[in-house]
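S.K.: Chains as they are written, first to last, in numbering that gives the first Met the number 0: chain P, 0 to 250; chain Y, 0 to 315.
Everything hinted at is true.
Cut-off 25 Å, straight-line C-alpha distance, at most; resulting in silico cross-link-like pairs (DSS-like, lysine-lysine):
1. K66(P) / K216(Y)
2. K260(Y) / K140(P)
3. K114(P) / K260(Y)
4. K127(Y) / K51(P)
5. K260(Y) / K130(P)
6. K127(Y) / K13(P)
7. K74(P) / K216(Y)
Label-pair distances were calculated between CB atoms; the ranges are:
8. Y182(Y) / S103(P): 28 to 34 Å
9. K168(P) / Y4(Y): 43 to 49 Å
10. R310(Y) / F184(P): 41 to 47 Å
Far from chain Y, by Cβ distances over 12 Å, these chain P residues were calculated:
11. F9
12. D54
13. Q113
14. A120
15. M167
16. L176
17. D194
18. A215
19. H239
Don't read these hints as lab results, they were simulated from the structure.
We put the beta carbon where it would ideally sit given N, CA and C, even for glycine.
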Amino acid sequence: MIVAEKLSKFFGSKKVIQDVSVEVKRGAITSFIGPNGAGKSTLLSMVSRLLKQDDGIVYLDGKDVHKQKSKDLAKTIAILRQSNVVQMRLTVRELVSFGRFPYSSGRLTAEDEQKVSEAIAYVNLEELEDKYLNELSGGQKQRAFIAMVLAQDTEYILLDEPLNNLDMKHAVQMMKLLRKLVEDFGKTILLVIHDINFASVYSDRIVAMKDGQIVAEGPTEDIIQSDVLKSIYDLDIDVHNISCNRICVYF
Amino acid sequence: MKLIYLLIITVLLAVCSLFVGVENVSFSALWNLDEEAWNIVLISRLPRMLSIVMAGTSLGICGLIMQQLTQNKFVSPTTAGTMDWARLGILVSLLVFTDASPIWKMCIAAAFALFGTLLFMGILQRLKQKDTIFIPLVGIMLGNVVSSIATFFALKFDLVQNMSSWLQGDFSLIMEGRYELLYISVPLLIIAFLFANMFTVAGMGEDFATNLGLPYKYVVNVGLIIVAIITAVVILTVGVIPFLGLIVPNIVSIYRGDNLKNSIWHTAVLGASFLLVCDIAGRLIIYPYEISVGLMVGVIGTGIFLYMLLRRKAYA
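Working from the sequences, and respecting the hints, build out all of it.
M.R.: Written out as structure tokens, the structure is:
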């Protein structure tokens, strides 16, 4: 379980995160939603030890993340940030192999190779595995990065806007894949996501943030409510039940 | 290209290098254990060949490490100002510690080179504009400022002649007893090979590397220390050899990609053979005189560099 206690973060004199406390349950998809600049990405970076908080503590399975060995953490928690600009000439398979770095430091065993192949197959990139990343489309690249995170084989997976660059078909595929990871392997997934309908349909819990604070938190059906969404986005949003999904209309 | 072919070519070039020169040395003389022929080879030709191979290999690897760590194909000891800082360091060691031993000179030059490279990396992090061409331009400007400071003090203290001997790489003065400092690069290269995988991961950026549990800062510092010491050693023994660290890794990247595991051996071997070619050509063009290798590399290197710039979009 991930527990954040009274996290705060300043950039200069600006408070980006203020006294945020949150608990993330295991074996579920938790989506972080909210307007731009709400501090969602910053929160995820602090939870995954990429960024040191100015105040507060993050506990991962009861232990302070900043007091654990980075190498051990890399086997428990994986994060994929928004911008993954690669100028390097690497093949898809080489990138996915990086996911095994915490286990084998670059000298892959037969088991590692197996995991790499599985991860590539999971995101349907088998045919492109020997292509260089800069020859791929935005969506294919995004899937290659997701495959790397899968190869890292961690209990916790943190994804910052994983649907960026994906067309509708691949966005749906991606969310189904994440759902499957939760159901088949009991992974715990944290997402920063902008499309509230994707959040509504695929997540178990939603944490809503605004101005560096958490404004609402709970099971999806409690958050996807007109009045709650109005307080988050300052926007009139109708919520309809369509084939058992709660769909927001805000156009 | 297979590594084995590249190796064979390099060995052939190295052998050629042994037999090129004003004093004629033939195979048969060596075979008959002619004492004079053997003396020439052991005192002059072999040291020259060894120092070319070591300098070529290590400058290639230096460029590779820097390009990887800065995520920029146009950064190298020349374009990041590392070489200029090393020269300033040598000047300081001559001024302040007048009779410093070569080892001390090397330490001081390496310290300056390291400081300069760290400064460059610091500027790089603060730059808003991460344009591929802009970054090396900043490095070149920084290097020129440092270089003019060095020239100023050299003029003031009558050391200009001394300074210019490190300005242009030259192997003609290399002989037994004057190149051994270069052997310091051998253990450093071994460390670079052991760190190859980590350099590749570090090249993906700090967040990416930390996520995979890599101690990012430590790996970057190891890389920069290797670069600084090697640069200092090469300048002290041979002089400035421009462009090699820039071109060789780029050529290898085109056909081997950027995973250091795949490219580091090719870069090492290609670096050596490139410098061997330049040196042999420099010795033959105006035979029996010779053109310094720094000039040869500069001329050939500029051509290749321009070509790379023009077709940059195709691969970078």
